[in-house]
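Trainee: Using the hints provided, position chain D relative to the given structure of chain A.
There are 2 protein chains.
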Amino acid sequence: MTSTTNETTNGVHVGNLINTVHAIQRQPKLAALKLRVQNKWATGPRSTATLDSFFGLCQEMHHEHPLEIYSDEPAVVLGTDTAPNPAEIALAGLSACMTTTLAYKAAGMGVELESVESEYEGDVDLQGFLELNPETEIGYTEVRVKFKVKGDLDEATIEEMLKKSPVYNTFTKPVKVKILVEKV
Amino acid sequence: MTSTTNETTNGVHVGNLINTVHAIQRQPKLAALKLRVQNKWATGPRSTATLDSFFGLCQEMHHEHPLEIYSDEPAVVLGTDTAPNPAEIALAGLSACMTTTLAYKAAGMGVELESVESEYEGDVDLQGFLELNPETEIGYTEVRVKFKVKGDLDEATIEEMLKKSPVYNTFTKPVKVKILVEKV
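Chains as they are written, first to last, in our numbering: chain A, 1 to 184; chain D, 1 to 184.
Treat the hints loosely; a few may be bogus.
[As the list claims (entries may be wrong)] Computed Cβ-Cβ distance ranges for the label pairs, DEER-style:
1. D/Gln-25 / A/Glu-119: 45 to 55 Å
2. A/Glu-159 / D/Lys-148: 23 to 33 Å
3. A/Asn-19 / D/Asp-152: 51 to 61 Å
[Unchecked claim] Dumping the calculated DSSO-like pairs for lysine-lysine here, alpha-carbon to alpha-carbon at most 27 Å:
4. A/Lys-178 / D/Lys-146
5. A/Lys-34 / D/Lys-173
6. D/Lys-150 / A/Lys-183
7. A/Lys-148 / D/Lys-183
8. A/Lys-176 / D/Lys-34
9. D/Lys-146 / D/Lys-173
10. A/Lys-34 / D/Lys-183
11. D/Lys-40 / A/Lys-164
12. D/Lys-163 / A/Lys-176
Calculated directly from the structure, the hints in this document are not laboratory data.
Note that the structure is predicted; figures quoted are calculated from it, not measured.
Just so you know, even glycine gets a beta-carbon here, dropped at the ideal spot from N, CA and C.
Looking at chain A on its own, in the form it has when it is part of the complex (with noise of 0.2 Å):
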């Protein structure tokens, strides 16, 4: 054995990661998450999402309690800046996934982090969204990560650790998104 169940490392159990690792070994289908969100508009860039239901480990899950998150717009861009706009939600979502997914990924070396901070700055050129200009990317043209980080870790394991992230992966990588458009 190479833990017990009651050691965590990073605040991470590790005994119950590796649980998890091996009875996704066994049993693949385990692996499958389908997370979800609702989302309501309010007037103008005010919306509010909710994360309520999700499937994990072949079943449906709830959060404890459901989970909200508000958007709204600087007033530069007409909003009323009561909350996050939504490509920083986006980048939000970017940067809570790589610091997890380094806390885990070294806290399944065995490997213990005193502190992990991080900077995100993302190009938007507005002449896209706007189309004013045909050539012009609508998303994120691009995205300049720093981490620092105080632990026994090399920068490049780092680096390789933090590419596993996956919204990291979401952003680097094209998804399929399906829309449905329905009258009511």
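Mentor: Using the frame of chain A, we list chain D on its own:
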């Protein structure tokens, strides 16, 4: 004149929207937006993303107050379920962006929307993140989106508008993400 400066449609100040479009047409560099996130790891899957400064209309700006998005994981993914998980946050960003895009595009056409609700389901195969199968995609493999719209637009026009969402394009097209790691 097709609008006065006091008109709002869908809560969007259409006069200001048109002024912004005209300003960018005259001076395309006004369209460059740099969005930023700072992330600080707490422990396990818990981290805080802070949205504070951004660059737009050729100047440095700040949100009225720094905004925060917390991240955690449900218990089955070894977290404490106090906040959405990173991939849910990214999906919430997609939902906010598609919703805001529709409200703005419809406003630009002078079409009032009565209600907009939408549902998102994204597939993740944890064999990718856990490195159990090199063939498995690490990020979202597919996202299904369903919009229910009450308003005077046909389904095809709504779908075309939704595809102009910056975060939709961030999901569906590859984005270059540059990583810099510093040991501290």
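Trainee: Against this structure, judge whether each hint is valid.
Mentor: Results of checking the hints against the structure:
At about 33 Å, the beta-carbon gap between D/Gln-25 and A/Glu-119 misses the expected band of 45 to 55 Å. Distance hint check for A/Glu-159 and D/Lys-148: the Cβ-Cβ separation is about 42 Å, which falls outside the suggested range of 23 to 33 Å. Separation of A/Asn-19 from D/Asp-152 is about 55 Å and conforms to the stated range, judged on CB atoms against 51 to 61 Å. The suggested pairing of A/Lys-178 with D/Lys-146 holds, with an alpha-carbon distance near 8 Å, which does not exceed 27 Å.
The straight-line distance between the Cα atoms of A/Lys-34 and D/Lys-173 is roughly 21 Å, inside the 27 Å bound, and the hint therefore holds. This hinted pair checks out: D/Lys-150 and A/Lys-183 have alpha carbons roughly 6 Å apart, not beyond 27 Å. With a C-alpha separation of about 6 Å, the suggested pair A/Lys-148 and D/Lys-183 falls inside the 27 Å cut-off, and the hint holds. The hinted pair formed by A/Lys-176 and D/Lys-34 meets the criterion: a straight-line CA distance of about 26 Å does not exceed 27 Å.
Restraint check for D/Lys-146 and D/Lys-173: the C-alpha separation of about 20 Å stays at or below 27 Å, so the hint holds. For the proposed pair A/Lys-34 and D/Lys-183, the alpha carbon gap of about 35 Å is over 27 Å, so the pair is violated. Annotation: proposed proximity of D/Lys-40 to A/Lys-164 holds, straight-line Cα distance about 19 Å (limit 27 Å). About 12 Å separates the Cα atoms of D/Lys-163 and A/Lys-176, which keeps this hinted pair within 27 Å; it holds.
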